[in-house]
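Sequences listed follow chains A and B, in order. Heads up, the first sequence is in the working numbering, so the first residue is 1 and it goes up one at a time. Heads up, the second sequence is in the working numbering, so the first residue is 402 and it goes up one at a time.
Worth flagging that the hints you see were computed from the coordinates, not collected in a lab. Treat the hints with care, as some may be off.
Here are the simulated SDA-like cross-link-like pairs (lysine to any residue), alpha carbons at most 25 Å apart as the crow flies [said to hold, decoys possible]:
{"no.": "1", "chain 1": "B", "residue 1": "LYS485", "chain 2": "A", "residue 2": "ALA398"}
{"no.": "2", "chain 1": "B", "residue 1": "LYS522", "chain 2": "A", "residue 2": "ALA12"}
{"no.": "3", "chain 1": "A", "residue 1": "LYS193", "chain 2": "A", "residue 2": "ALA110"}
{"no.": "4", "chain 1": "B", "residue 1": "LYS485", "chain 2": "A", "residue 2": "LEU391"}
{"no.": "5", "chain 1": "B", "residue 1": "LYS522", "chain 2": "A", "residue 2": "LEU4"}
{"no.": "6", "chain 1": "B", "residue 1": "LYS522", "chain 2": "A", "residue 2": "VAL7"}
{"no.": "7", "chain 1": "B", "residue 1": "LYS522", "chain 2": "A", "residue 2": "ARG8"}
{"no.": "8", "chain 1": "A", "residue 1": "LYS214", "chain 2": "A", "residue 2": "ARG175"}
{"no.": "9", "chain 1": "B", "residue 1": "LYS522", "chain 2": "A", "residue 2": "LEU11"}
{"no.": "10", "chain 1": "B", "residue 1": "LYS485", "chain 2": "A", "residue 2": "PRO317"}
{"no.": "11", "chain 1": "B", "residue 1": "LYS522", "chain 2": "A", "residue 2": "GLY3"}
{"no.": "12", "chain 1": "B", "residue 1": "LYS485", "chain 2": "A", "residue 2": "GLU306"}
{"no.": "13", "chain 1": "B", "residue 1": "LYS485", "chain 2": "A", "residue 2": "GLU392"}
{"no.": "14", "chain 1": "B", "residue 1": "LYS522", "chain 2": "A", "residue 2": "GLU5"}
{"no.": "15", "chain 1": "B", "residue 1": "LYS485", "chain 2": "A", "residue 2": "LEU321"}
{"no.": "16", "chain 1": "A", "residue 1": "LYS214", "chain 2": "A", "residue 2": "LEU173"}
{"no.": "17", "chain 1": "B", "residue 1": "LYS613", "chain 2": "A", "residue 2": "VAL394"}
{"no.": "18", "chain 1": "B", "residue 1": "LYS485", "chain 2": "A", "residue 2": "ALA318"}
Chain B is faced by these chain A residues, among others (derived, beta-carbon under 7 Å) [said to hold, decoys possible]:
{"no.": "19", "residue": "LEU242"}
{"no.": "20", "residue": "GLY314"}
{"no.": "21", "residue": "PRO316"}
Please read these numbers as outputs of a predicted model, since none were measured by experiment. The beta-carbon is built from N, C-alpha and C at its ideal position, and this holds for glycine as well.
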Amino acid sequence: MTGLECVRFALAALRGHRLRSILTLIGMAIGVAAVVLLTALGEGARLYITGEFAALGSNLIIVLPGRTETTGSAPITGGTAHDLTLQDAEAVQRRCPRVRQVAPISLGSARVGYGERRREVTIMGATPELLPVRRLDVAIGQFLPPGDPRRGAPVAVIGRTVQHELFGSENPLGRSIRIGDWRFRVIGVLGEKGQSLGADMDDMVIVPVASGLKIFNQTSLFRLLIEVAAHSEIDAARRDVLRILTARHQEEDVTVMTQDSVLGAFNRILGALTLALGGIAAVSLSVAGLGIMNVMLVSVSERTPEIGLLKALGAPPAAILRVFLAEAILMSAAGGGIGLLAGFAGAFVLRLRFPLLPTTPPHWAVAASLVVSFGAGILFGLLPARRAARLEPVTALAGGR
Amino acid sequence: MIDLRGLTRHYQVGDQTVRALQEIDLTIPDGDYVAIMGPSGSGKSTLLHILGCLDRPTSGSYRLDGREVGTLPESDLARVRSRKIGFVFQFFHLVARLTAAGNVELPMILAGLPVAARREKVAAALGAVGLSDRADHRPDQLSGGQRQRVAIARATVLSPSILLADEPTGNLDRSSGHEIIELLERMNRDGLTLVVVTHDPEVGGRARRNIKLVDGRIVQDGAPR
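Assemble the whole structure, with the sequences as input and the hints as a guide.
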């Protein structure tokens, strides 16, 4: 019996038991589709969050005053760290050629008022460099003007939410607002940005960094955001920055983080998430595998008389196994194919519906789902067929009893 | 030529041993026409299954054309069934999804015959049983007598030397039963060894030789009375 004839015979057999074949196909397809779709969702979430980070600028170094890690038992210097100052920012900008620009930031929270309206808002002190470093844009008016960062002009750029809450439909440009006890002139409104890494850029007022320090009577900056010219130089730049600041402070009292390290942590968390989803998928796949097993076992034992007939007509055991193998392969291929199609179609629909979420099934999940459905289909198709092929023809003809 | 010597077949049913055949000695020369008769449970179907290599003896010897087949491995036995033996069942055992032609073709597909040779033989076999015009009908579109004729065409398409029929008329009305017997007898006249299991005395009476089984033993062997 040639391979082609096996396939033809198997096809005819599958068509002959239409309902059972369709049920088996559905069982396989659902298993494969579930795995593809679930892992696609997990992968999509991971890609979405990594994408968010990349949008912040992947060449970013963040400097925090003070050391975050605890070393030794009782630190001799206590908790007192040197301030992180505008001079530090200038020094980094001047002495490290790998750095493209430095955006010093101060942060505080104050009551902002215009006329009768008041609102508790985050006040960020910054320089013009913040705009490119944080990838912000200005909707109307202008951003902070360039100039000596140590001179704080009484000007402010406000977020969208602040604009709506304080001014309503009134044009805010040129108006004077109160921040704490100080007066500032509104020179611009930020474009809508929304939540970005936990900070609501819309509910914020940006003032020159010197003004920011003055309002809150601060001596130390909140952060330095440093953009490096090339991503490949980020580690070298990080060491340079640390060396420069350590030299200026005579001790290592700042923490220098790269975007990559934050990203790496998130990647690990999200990788775990994808794995968990994969676990769910594996469960659904094994359920599907069990379903395949049941249908195949019933199918083959139902057909024991047919196997008996084939033997009575002179079929050697090997030919019978080949026929059932062909059937199992056809079934698994079709079921797996339909499942893949359904899974990819589902992922595609999700991508259309939620464009932010790049739901793409990972290759390993696709491979695993196909391996399991093929494996289950062939194993549980062949095992009972082999048992039936070993029966005496007369026993098989009587249904294996 | 069939030659059985001291052949027994025992079944284990629960903890009881059923002695279906005991110490059978039997020789059937080529071209013979034998009816195996006896009450139900006498072992006549078991004997036919063993003759057709569908079942194996528990002990004793079965020589077919001089070759011991009772102990052959399964794949060799499959060849014997394919080339030497045709089997006709009481309930036809046609494959429901295949046409008459497809059913007749099946043993040749299993034997690995090329397509061209198969087509010719299918036509010839269906012609021999008078069903050339029903080749494309499926079993459920055929009458009982027609189905049994398809089964006979299938059993004889590979030109076996022995045709074994297990109650071939048991599921048919009188007139189609009669036609089937005549068809089988015509094939016997062309040289085919014909062994029929029946409990119909009329069918048995037509055979050249009657073998009567009771409780797994041959109690009578000779020309019908």
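Tested hints:
no., hint, verdict
1, B/LYS485 - A/ALA398, "holds (23 Å)"
2, B/LYS522 - A/ALA12, "holds (22 Å)"
3, A/LYS193 - A/ALA110, "holds (21 Å)"
4, B/LYS485 - A/LEU391, "holds (21 Å)"
5, B/LYS522 - A/LEU4, "holds (21 Å)"
6, B/LYS522 - A/VAL7, "holds (23 Å)"
7, B/LYS522 - A/ARG8, "holds (20 Å)"
8, A/LYS214 - A/ARG175, "holds (21 Å)"
9, B/LYS522 - A/LEU11, "holds (24 Å)"
10, B/LYS485 - A/PRO317, "holds (18 Å)"
11, B/LYS522 - A/GLY3, "holds (22 Å)"
12, B/LYS485 - A/GLU306, "holds (21 Å)"
13, B/LYS485 - A/GLU392, "holds (18 Å)"
14, B/LYS522 - A/GLU5, "holds (18 Å)"
15, B/LYS485 - A/LEU321, "holds (23 Å)"
16, A/LYS214 - A/LEU173, "holds (23 Å)"
17, B/LYS613 - A/VAL394, "holds (22 Å)"
18, B/LYS485 - A/ALA318, "holds (20 Å)"
19, LEU242, "violated (78 Å)"
20, GLY314, "holds (3 Å)"
21, PRO316, "holds (4 Å)"
Of the numbered hints listed earlier, the single one contradicted by the structure is hint 19.
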